[in-house]
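Protein chains: 2
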Amino acid sequence: MLYIIGLGLGDDKDITLKGLEAVKKCERVYIEAYTSLLSFGLSSNGLSTLEDLYGKPLIVADREMVEESVDDMLYEAREFGVAFLVVGDPFGATTHTDLVVRAKKLGVEVKVIHNASVVNAIGVCGLQLYRYGEIVSIPFFTETWRPDSFYEKICTNRLHGLHTLCLLDIRVKEPSIESLCRGKKCYEPPKFMTIQNAIEQLLEVEQMRGESAYSEEATCVGFARLGSEDQVVVAGSMRELVNVEFGSPLHCLVIVGKTHPVEEEMLDFYTIRPKSL
Amino acid sequence: MLYIIGLGLGDDKDITLKGLEAVKKCERVYIEAYTSLLSFGLSSNGLSTLEDLYGKPLIVADREMVEESVDDMLYEAREFGVAFLVVGDPFGATTHTDLVVRAKKLGVEVKVIHNASVVNAIGVCGLQLYRYGEIVSIPFFTETWRPDSFYEKICTNRLHGLHTLCLLDIRVKEPSIESLCRGKKCYEPPKFMTIQNAIEQLLEVEQMRGESAYSEEATCVGFARLGSEDQVVVAGSMRELVNVEFGSPLHCLVIVGKTHPVEEEMLDFYTIRPKSL
Chain G
87 MLYIIGLGLG DDKDITLKGL EAVKKCERVY IEAYTSLLSF GLSSNGLSTL
137 EDLYGKPLIV ADREMVEESV DDMLYEAREF GVAFLVVGDP FGATTHTDLV
187 VRAKKLGVEV KVIHNASVVN AIGVCGLQLY RYGEIVSIPF FTETWRPDSF
237 YEKICTNRLH GLHTLCLLDI RVKEPSIESL CRGKKCYEPP KFMTIQNAIE
287 QLLEVEQMRG ESAYSEEATC VGFARLGSED QVVVAGSMRE LVNVEFGSPL
337 HCLVIVGKTH PVEEEMLDFY TIRPKSL
Chain X
87 MLYIIGLGLG DDKDITLKGL EAVKKCERVY IEAYTSLLSF GLSSNGLSTL
137 EDLYGKPLIV ADREMVEESV DDMLYEAREF GVAFLVVGDP FGATTHTDLV
187 VRAKKLGVEV KVIHNASVVN AIGVCGLQLY RYGEIVSIPF FTETWRPDSF
237 YEKICTNRLH GLHTLCLLDI RVKEPSIESL CRGKKCYEPP KFMTIQNAIE
287 QLLEVEQMRG ESAYSEEATC VGFARLGSED QVVVAGSMRE LVNVEFGSPL
337 HCLVIVGKTH PVEEEMLDFY TIRPKSL
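Residue numbers (our numbering), protein chains in the order written: chain G, 87 to 363; chain X, 87 to 363.
The shape of chain G in the complex, shown without the other chains (with noise of 0.2 Å):
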């Protein structure tokens, strides 16, 4: 049996019950270092923290493993419990969804323990989740490779009201281009993108594409380590944001659409400047 099992966002702690209950019954743990392991505060040293709750070792299954040997840790699972642990929820902003179909090919069963992703944590800045529309991704713009397919996404949830999470880029363990060319295997340093990052990226973008999807003065609210103890959220507008310090990653964006009364007073809590002064 394949366990795959949502740890939430904030700590060690936000395991579910029945989370932690199969992990213990398990044989084999394995966590997920591959996307954004390191916004869970796991240094080693938070490894040995969930160790030590879990009461056993973790393996650490890097890119490299689950692109390369993964089916390895499926054949274990036919042979006993297994535990994959991913940060966030099992089909959250990253999914896993291949993972559960090379199982199921393989004849391995599959159980899926769900828990708190960054799609339904971000309610907490009190805009409603029925009105979000499409979520973009933006990438990390490089010197020659600039895609900007979020914008046009941008622009159809603007047009209807509707408000739009940006997911921002990160880069773990991405083999360095003097590696490749050696054929050594050695990393960047892992690169999350910033809420000032995405913002003049969104801004350079609007600037060349000129049909006003948003402006600078676009209302919208930053968040920081989202169901962490230290979470920071903030509401603005993108020229306000820019120059807010929020701190360690991850850090993700919401550009804010047509608001109701209510989600007004929940963001008014988050606002810079709040109208009530």
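Everything labelled a hint here was simulated from the structure, so no lab data went into it. Careful: at least some of the hints might be erroneous.
Intra- or inter-copy, both count: the list cannot distinguish identical chains.
Calculated cross-link-like contacts (lysine-lysine; reagent style DSSO-like; alpha-carbon spacing at most 30 Å) [what the hints assert, rightly or not]:
#1 K142 with K110
#2 K191 with K344
#3 K344 with K197
#4 K344 with K142
#5 K110 with K191
#6 K99 with K111
#7 K277 with K191
#8 K190 with K239
#9 K239 with K191
#10 K344 with K190
#11 K277 with K110
Once you've looked at the hints, dock chain X against the given chain G.
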């Protein structure tokens, strides 16, 4: 301090360790009976299971209480720890934004403990969460009240190739018409919309509006008791799903947009007649 704690979707074991710790240290614990409590398998029997787990009595906060005497709860939360338990995530399909706004206005500190909700758990069917458009609600039609504002939203989503999550109506503790007339408080029995009912209404509206937003051949995914041990997920056309016995509530429905190959592979596992046959 007011803790608003998500219980997740399945049963008593879906609370997080953090949530359980908070409940244990609160002096008073309310549980919302307002929207989807019955979906949680919480007969009076289930309630005592929770009370055993928490080691303290629960106060059921029904609709009346939430609407009429919520301030009493908030005054308590100024003096000592109060937990307010919510099925799913506090800001999931149903929101508790208003409660937070009132709390903050009364100077009550609020702490939210997230959990899974329908909005992310639907990821289990393999359709990517970032390929969903606006969520729609399908209300029970009556003889005289047949609101169809969901139709245009589905149109827009399908035009952009996006999936649509349809949340199906729940009627709990509605005053009966007879009781309204007599000035006494009597309630209709709780009523949960089934997938069959939803599809019938959807097709009725399509026939009226005739803009070909979908047809009875449209691929959908039906979910019953999502996140529970006995959840049912079936993919098929509207025509097929209308004949599937999904069993007890809650139900929800996804109208599938344009799919990618990995999404299709995964949907296949849930399809009434898999393509591979």
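Against the structure, the hints:
1. K142 with K110: both (8 Å within a copy, 26 Å between copies)
2. K191 with K344: between (45 Å within a copy, 24 Å between copies)
3. K344 with K197: Between copies, since 27 Å is at most 30 Å while 39 Å is not.
4. K344 with K142: Neither, since 49 Å and 43 Å both go past 30 Å.
5. K110 with K191: For K110 and K191, the Cα distance is within 30 Å only inside one copy (26 Å; across copies 43 Å).
6. K99 with K111: both (18 Å within a copy, 15 Å between copies)
7. K277 with K191: The answer is neither: 34 Å in one copy and 39 Å across copies each exceed 30 Å.
8. K190 with K239: Neither way: K190 and K239 sit 33 Å apart in one copy and 34 Å across, limit 30 Å.
9. K239 with K191: Close neither inside one copy (34 Å) nor across copies (36 Å); limit 30 Å.
10. K344 with K190: For K344 and K190, only the inter-copy Cα distance (23 Å) is at most 30 Å; the intra-copy one is 43 Å.
11. K277 with K110: neither (33 Å within a copy, 39 Å between copies)
Consistency note: the structure conflicts with the earlier hints numbered 4, 7, 8, 9, 11.
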